[in-house]
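Given the sequences, and given the hints that come with them, work out the whole structure.
Those sequence lines, one after another, are chains A and U. The first sequence begins at 1 in the working numbering and counts up one residue at a time. The second sequence begins at 1 in the working numbering and counts up one residue at a time.
Take the hints with a grain of salt, since some may be wrong.
Stated by the list, open to error - Straight-line Cα separation of at most 30 Å, DSS-like style, residue types lysine-lysine; simulated pairs:
no.	chain 1	residue 1	chain 2	residue 2
1	A	K276	U	K276
2	U	K195	A	K109
3	A	K109	A	K148
4	U	K276	A	K24
5	A	K24	U	K128
6	U	K109	A	K148
7	U	K24	A	K109
8	A	K299	A	K167
9	A	K222	A	K308
10	U	K200	A	K148
11	A	K109	U	K148
12	U	K299	U	K222
13	A	K148	U	K148
14	A	K200	A	K148
15	U	K276	A	K148
16	U	K148	A	K200
17	A	K276	A	K250
18	U	K109	A	K195
19	U	K299	U	K128
20	U	K24	A	K128
21	U	K276	U	K24
22	A	K24	U	K109
23	A	K148	U	K195
24	U	K128	U	K222
25	A	K200	U	K109
26	A	K24	A	K250
27	A	K308	A	K128
28	A	K109	U	K200
29	A	K195	U	K148
30	A	K109	U	K109
31	U	K276	A	K109
32	A	K148	U	K24
33	U	K109	A	K276
Calculated directly from the structure, the hints in this document are not laboratory data.
There are 2 protein chains.
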Amino acid sequence: MTRDSYAAAGVDIAAGNEAVARYKDVMHGWRHADQLEEIGGFGGLFRLPGDSERALAASTDGVGTKVLIAAELERYDTVGADLVNHCVNDILVVNATPLFFLDYLAVGKLEPDVAAEIVRGCFEACRKHNCALLGGETAEMPGLYAEKHFDLAGTIVGLVDLQDVPKREDVQPGDAIVGLPARGLHTNGYTLARKLLDTKTFGDLLLAGHPSYYDAVRAMQKVARVKAMAHITGGGLLENLPRTLPDNVKAICEHSRWEVPPVFVELVRRGNLDHKERYRTFNMGIGYTLVVPLADAAKAVAAAPGAKVIGWIEARSGDEPRAIVHPSRA
Amino acid sequence: MTRDSYAAAGVDIAAGNEAVARYKDVMHGWRHADQLEEIGGFGGLFRLPGDSERALAASTDGVGTKVLIAAELERYDTVGADLVNHCVNDILVVNATPLFFLDYLAVGKLEPDVAAEIVRGCFEACRKHNCALLGGETAEMPGLYAEKHFDLAGTIVGLVDLQDVPKREDVQPGDAIVGLPARGLHTNGYTLARKLLDTKTFGDLLLAGHPSYYDAVRAMQKVARVKAMAHITGGGLLENLPRTLPDNVKAICEHSRWEVPPVFVELVRRGNLDHKERYRTFNMGIGYTLVVPLADAAKAVAAAPGAKVIGWIEARSGDEPRAIVHPSRA
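As structure tokens, then:
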């Protein structure tokens, strides 16, 4: 377990991975009969009661310490949509369409105006996806949260035809990796970013919204065979790309193929972040990836604004890394 | 908006009610076609896709500042079950059976051992209900949480036959109110309790578990017609009992009919809490209520350990309160 800049800032991805491994130990030995094998862990799958062909997909997420920036700038209208879109993207990886969402808002001191502004952001993003805001919890917890602080998490439930859930085994060497552009940090890397950038000066850049990739993905699926997808969140390209790939392939990306947004350039410069830190802490400009046959790549890219071929799939052997980001083709 | 002891301790129930009213404004004008009218707001209902007779019920909850007591005493094995049981009880009010649960765990500093202990509590309570622990999120958020602090929230999704969802209109004057015993504060009132009681001395009492009422309710439903139910959480008997009752009735309870656990006696004494504060901040020994026809009350009580008739339903007119807790029959 190495300690890098992100760990020094207080977020230890290695500890996170260790916790996830411990959860698997905890749950070893029992699984509900209707719980389906997960595909990369972006969203859990549960057989739809009374229906052998469809499943519910569910995911819980937060927006990380982006909430601290929102609190400091008193900008409460953006994090709700960030959260909903994050959740939508997570279950989109298994091809699910949103049904309903519930929020959890915890505050140090409850200001109804502020809470309503945050929930409005959730509601409007839900509505855009024809997703019900079915419920939620607002908790006032002085002593845990400072007076102006809050945390925001949410859970989405969606629906998917089982035949439409991507199958790892379909991915083959030679397939193309298509990337969809990120608008900024989305909901990851804020603890490090807050150490490196002044919140007041960089507030707009730091609060740039986490987009939904729902429409772009659906448009691409009309013209291309999409074999695997990944939502580039905590862990960046290096950890998220492999989550939906089989063990016998690796993902090769070339970062010359997309434009890295200025906020990341500034973060890398100020933090003197090495290659691994950059691509494991931040999305570096790619918010969502799709694996498609090379023959479909041009059509896929044409179907969604800003989409680019950012790499390809190669055969992998032994202990080779499962994802690599190169400066350019070797 | 009066300020009482709980508000002075930092939790303003009036502000909470105001926030909920604001959320309704925010969501005014749009509702998903498959979102069903809610019954008291304990759990949202959403039509099961492709099934006209069943619905999904969902609820998100936290465990409040009970997490601060767990953190101070370094007792991480209880709050997970508290949370799951809280969620189970919430959707039980609409008669739903749990399908799956997802947790949100946010920490100041991620200790995999501690996180695994908390999640183990969730898992074991899920398993007891044959409920899948389908996913979750663990977030390390320094700056928002103190190093040893954490917050824990969760979302449950269950299934219910629409014909089994209780209908307010069935409740009539003369019906009996059956109460199920609470083990302690469950997950509400901790911010005030922490002001009044020393955490180290009263640790065991304060961490007493939030029970699931699932088995007790199912046992009672076999022998009695259950017309309405309420989970006695934040807001106590005074605010939760009316949530599933029609406007034309009121709930009358006599607190001589059940034993108030010693922890509440001590809280009332130390805080010099008036009647309204007691019954709006704490459950005062009743964790869950059921409205049954008077003719079924004896059978219902016999079916569940500790169950007692705690009151009855009367006709209500004009601006009369919707729930009253008397010392004894007037």
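Violated hints - listed by number, lowest first
Going through the list in order, the structure violates hints 1, 4 and respects the others.
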